[in-house]
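Novice: Heads up: the sequence lines are chains A and B, in that order. Following the working numbering, the numbering of the first sequence begins with 1 at its first residue and continues without gaps. Following the working numbering, the numbering of the second sequence begins with 1 at its first residue and continues without gaps.
Just so you know, the hints here were simulated from the structure itself, not pulled from any lab data. Yeah, the Cβ is synthetic: ideal placement off N, Cα and C, and Gly gets one too. Among the clues, some could well be false.
[Claimed, not checked] Below, a sample of chain B positions facing chain A; criterion: calculated Cβ distance under 7 angstroms:
hint	residue
1	Asn4
2	Arg7
3	Leu34
4	Lys41
5	Ala47
[What the hints assert, rightly or not] Derived SDA-like pairs (lysine to any residue); straight-line CA-CA distance at most 20 angstroms:
hint	chain 1	residue 1	chain 2	residue 2
6	A	Lys209	A	Arg7
7	A	Lys97	B	Glu14
8	A	Lys255	B	Lys20
9	A	Lys213	B	Ala10
[Said to hold, decoys possible] Below, a sample of chain B positions facing chain A; criterion: calculated Cβ distance under 7 angstroms:
hint	residue
10	Glu6
11	Ile8
12	Leu21
13	Asn25
14	Asn31
15	Phe33
16	Trp35
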Amino acid sequence: MDFHTHRRILGVLAEMGEDISGGKKHKSTRTPGEYLSFFAELKAVCRKYDFRQTHYGKILERLTTVLEKAARKGHFPVKKELRQCEEMLGELAAGLKKETNVKKGIVFLPYQASMWDCMESLWQAADSDKEHCNAYIIPIPYCNMKEDGTPNEWFLDAKKFPPGLPLLPWEKTDLSQLHPDIIVIHNPYEDRGKINCVDAHYYPSVLKKCTDKLVYIPYFIIRDKDAKNPRYGRVKTLANASAFWHSDVIIMNSKAEKEAYIKALEEWHTRENLEKRIFALGSPKIDKLLHTGRDKKNLPEKWQEIIGGRKVILYNTSIQEFLDTPELFIEKIRDTLEYFHRERKAVLWWRPHPLLLDSVKSMYPKLLPKYEEMVKTYREEAWGIYDESGDMYRAIAWSDAYYGDASSVAVLYSMTGKPLLVSNCKIRNCGKEEEHVG
Amino acid sequence: MWDNGERIYAGLMEREEMRKLEEENQPPMENDFLWENDKYKLPNLLAALGGEQAMNRASVGL
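Whenever a hint applies, use it, and build me the whole structure from the sequences.
Specialist: Printed below as a string of structure tokens:
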């Protein structure tokens, strides 16, 4: 049985309980006659889904008899019959609640299409189990932020998701009504996002009321080496987010990462509480990493021509480095592009973080003209690849080495076994030694 | 089918104990990060790709 139908049945039984127990002043949701029709449908449903027919059948027969009498009198049962009705309804609802032949409903709420990878393999598992689960994907609206922390522009990435995914429109889906068994999110914040913010209907504290199980999968994976380092401060920053308060289940990539989060969160929660909610089951991002190969069909011809059999360096520029040292960061990009423009042994595959441009716009708008000019020139000259797609895995698969920030992409790259060099904004590869900054 | 997705799904559907599923999870090994410095820069990375220089911590004096 579909979870909607199951919930609807339990809902009607609850309403009926209120109607018969509510007394004379209570305004009934339905008449006794309407409940009789409902019972007839319920019998058919129990037959169809092979529920405990004999057990439910007997209860429904007795309820029908009492209600038929009530319908003739034009009011709900009273006294002894009322108590009998209440008992039977309670027994019926308790039994139906425990039925296992009910499909669960799982709703995935990604906001940025480029971040779908942190949920994708979980969705695939759910979608392939159609006998037991209905899986829905609802891309949700989000905005980028102005420098003063107010919303700037709103976006919906529905059209950027891989073709063929069964997406539901957010504006036509009331999650409090749908009340799926499970909701999966990757946005941890409410109104504290510095760069992006989702619509307030999708804040973790709101979603918690719309489901039995709110599941948070962090987008950012932490290396075990960093997780075990007591001086690594990032976990504490990441852990201070709403999703860690409101989620029933939080998925970590490794036990070391889980332990680091638990230690950070112990400031606000008990270890016992955290160990009941945080589980190191592995990240869907690792699934994607290990299953993406070099498929020429997914590589534009123009890019194939640029590569031309040479080694490819993935150049990844992230947000954190930019926020730490914005001017140096922009200058470092200029230096790197200049180096690869001269160095033709390898091809540069530049992949800025999908939110980098937004970050420059919102956090340091005075640097925007310089950044945009660099990007424009690089794209026009086309001696390297400029990858603004959401597909980080294609870039990882096609490259032979990594150069760039110590970001989440670097963490994933470190798991491929390919060489990796973390860039240092203070070091220059072009020009003279005295150009070194700091 | 992809391992971590399947494992998370099994846990969420309460088909297996979460603790048991955690034991099955084996994340891939991580390479060490090499950090760019005055001695080790982009030319070294390219040389490592061409097999001219080993790309490991010892080669850069770390």
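Novice: The structure should be examined with respect to each hint, and the outcome stated for every one.
Specialist: Status of the hints after comparison with the structure:
Evaluation of the asparagine 4 of chain B hint against chain A yields a held restraint, the C-beta minimum of about 3 angstroms falling below 7 angstroms. Taken as an interface hint, arginine 7 of chain B checks out: its beta carbon lies about 5 angstroms from the nearest beta carbon of chain A, inside 7 angstroms. At a threshold of 7 angstroms, the smallest CB-CB gap from leucine 34 of chain B to chain A is about 5 angstroms, leaving the interface hint in force. A hinted interface residue such as lysine 41 of chain B counts as satisfied when its beta carbon comes closer than 7 angstroms to some beta carbon of chain A; here the least separation is about 5 angstroms, so the hint holds.
Hint status for alanine 47 of chain B relative to chain A: violated, with the closest Cβ pair at about 10 angstroms, above 7 angstroms. At roughly 15 angstroms between alpha-carbon atoms, lysine 209 of chain A and arginine 7 of chain A fall within 20 angstroms of each other, so this suggested pair holds. Simply put, lysine 97 of chain A and glutamate 14 of chain B have alpha-carbon atoms about 16 angstroms apart, close enough for the 20 angstroms limit, and the pair holds. As the CA atoms of lysine 255 of chain A and lysine 20 of chain B are separated by approximately 13 angstroms, the hinted pair is consistent with the 20 angstroms bound.
This hinted pair checks out: lysine 213 of chain A and alanine 10 of chain B have alpha carbons roughly 14 angstroms apart, not beyond 20 angstroms. At about 5 angstroms, the closest approach between the beta carbon of glutamate 6 of chain B and any beta carbon in chain A falls short of 7 angstroms, and the interface hint on this residue holds. The interface hint given for isoleucine 8 of chain B is met, as the beta carbon of that residue sits about 5 angstroms from the closest beta carbon of chain A, less than 7 angstroms. About 6 angstroms separates the beta-carbon of leucine 21 of chain B from the nearest beta-carbon of chain A, less than 7 angstroms, and the hint is met.
A cut of 7 angstroms between beta carbons decides the hint on asparagine 25 of chain B: the least distance to chain A is about 4 angstroms, and the hint holds. A least Cβ separation of about 4 angstroms between asparagine 31 of chain B and chain A falls short of the 7 angstroms threshold, and the interface hint therefore holds. Hint on phenylalanine 33 of chain B holds. Least Cβ distance to chain A is approximately 5 angstroms, under the 7 angstroms limit. For tryptophan 35 of chain B, the shortest C-beta to C-beta distance to chain A is roughly 5 angstroms, which falls under 7 angstroms, so the interface hint holds.
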